[in-house]
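The hints should help you fit chain B onto chain A, whose structure is shown.
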Amino acid sequence: MKVIKEAIAGTLESSDLLVKVAPSDKGTREIVIRSEVIKRFGKQIRNVVNDVLDKLSVSDGSIVIEDKGALDCVIRARVQAAVLRACGSEELDWGTLS
Amino acid sequence: MNATGDFYTVQPKDAPAEMEEVRKLLAANDLELDDQIEVFAVCRRQGRLVACAGLDHYTIKCVAVAEDTRGESLSLRLGSEVVKLAAERGAFHLFLYSAPHNLPFFRGWGFYPLIEVPQRVVLMENSPVAIERYCDSLRAQRRPGRKIGGIVLNANPFTLGHRYLVERAARACDWLHVFVVKEDASLFSYADRFALVAAGVKGIDNLTLYPGSDYIISRATFPGYFLKEKTIIDHSWAAIDLLLFREYIAPALGITHRYVGTEPFDSVTNNYNADMKLWLEHAASAAPPITVVEVTRATIRGIPISATEVRRLLAQRDFGKTAALVPATTQQFLESKFPVAASNTQMKGQIA
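Just so you know, the sequences run in chain order A and B.
In the numbering used here, each residue carries its 1-based index in the first sequence increased by 15.
Mapping the second sequence onto the numbering used here, position 64 (from 1) lands on 59, and the numbers just tick up by one.
Chain A on its own, in the form it takes in the complex:
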C-alpha cells in the first residue's frame, strides 16, 4: 500500500499510543519511536511496527510513534488504522493482518 496523505490514530493516554503517518519523499520507511518504556521495550515495539508495515506492504513513508506503554495488540491496531487512513484505503484484506 502507498502512503498518500497524512493521518493519525490513537491517543496520548496511558497504555495507548499516537501513531502519525506521512508520505515521505525519500522512498524509504522512516520509523521514529518515542516511548516511556523505550529502554525496556524499544526493540519489541519496533519489531511489532515493522511487522505490521510488512504485512500491509508499506515500503515508504514517515511513521512517528508516541507510545505511552501500549500492549503489542494495541500497537498493531493503531499502526494498522493510521496506515489505512494514510493510504486512503476503504477496503482491507483482513487475512493479511493475521
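The set of hints was computed from the structure by calculation and includes no laboratory data.
One or more hints might be untrue.
Okay, derived cross-link-like pairs now, EDC-like style, lysine to aspartate or glutamate, Cα gap no bigger than 20 Å in a straight line [as the list claims (entries may be wrong)]: (1) K54/A <-> D87/A; (2) K41/A <-> E127/B; (3) K20/A <-> E83/B; (4) K79/B <-> E21/A; (5) K79/B <-> D66/A; (6) K41/A <-> D131/B.
All figures in this text were calculated on a predicted structure; none of them were measured in a lab.
Only chain B this time, still in chain A's reference frame:
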C-alpha cells in the same frame, strides 16, 4: 458523563458566553485569550469548564487545566482531543506555544522544543525529527564561500525594490539563499508570489530560491506578521522566528549575513528589522551571530519603492504608475489578474 468530564469543541465566534468561561480559566493560569484562535477543545465537568486548548490553524495555544483537576489523566485526554481536532481540520504538523516551565508537560503530548526565549515562551512541534529533516534538505543545498547571504521575502507582489535588494546582496556575497514566505495570508497567493519572485530574480546566477516553510515567517513562528494593521506585536514572537533562523536554518546553509530592506512605511516590518539585529546579532544563543545588513530601499523619483504602494495603486487600477515600481514580469501578471473591466468596487473591497 464519564468521570473525566465531557470533551467538545467551541468556536469562539459562536459562543460568547462560553468564551467568557474560557477567558476566566486562562486568566487563572496567567494566560490571555488569543483572538486568532479558530476553535477550542474544552472539557466540562459537573457544569464547570475545567480545561481548554485553542487551535490557530496549525498552532496550539491557550492551554489551561483548572488547578484542582490536575494530576489526573485529564490533560492527556485534552492533548489527544486537540490533536484529533487539528487532524480533522487537515493539520498534522503542529506547533505549540508554552511558558518554558510547562515544557515537560507538553512533552507528554508528543511535542518537542524548537526554540525558547528564556523566561518568556517556548515554541514546540509535534515531531522529534521534522526540523532535522528540514535542515538536512537545506544542507544538501550548501554552497562554498566565506560570505553567504540569506533573504526572506513575502513579495506581495515582487517589486523593483525586491530586485534591487536581491541584486545588491548577491553582488556582496559568494552565494545567496532566498526564501519566499509560504503562508497564504496575503493579497497575492503563495503560488503567484513565488512565481513572480522566480521570474524577477532571473539572471542572478549565485542564488538559490527556496519555497517557504513552516519554520520561516509562518503563522506558527510569527503570528503577528499576518495581523499587521490589527495589533501591537508581541516582540517575543519575532524573537521565535529569528532564533529559528539563527539556530537551525542559517547553520544548515552556512548563512553568515541576512539582508533586509529599510522599512519606511510599515511599522510591523520596521520592528521586525530592529528585532533582527537584536536576535540575530546580539542575543545570547548557542548559534554564532549573523550579521544583519540593512539595504536602503531603492527609490523612484525620491520615493521608496514598496509593495504596499503597489497594492494601493492596484486598488485604483493605476497600471501606469505600477509599471514604474515593478519589473515587467510582475506588471504583466498584475494587468492580466486585475482587469480594469472587472467590477471595480467589488475588487477594491477585496484589496482594502
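Taking the hints in turn, this is what the structure says about them:
{"no.": "1", "hint": "K54/A <-> D87/A", "verdict": "16 Å, holds"}
{"no.": "2", "hint": "K41/A <-> E127/B", "verdict": "14 Å, holds"}
{"no.": "3", "hint": "K20/A <-> E83/B", "verdict": "13 Å, holds"}
{"no.": "4", "hint": "K79/B <-> E21/A", "verdict": "12 Å, holds"}
{"no.": "5", "hint": "K79/B <-> D66/A", "verdict": "26 Å, violated"}
{"no.": "6", "hint": "K41/A <-> D131/B", "verdict": "12 Å, holds"}
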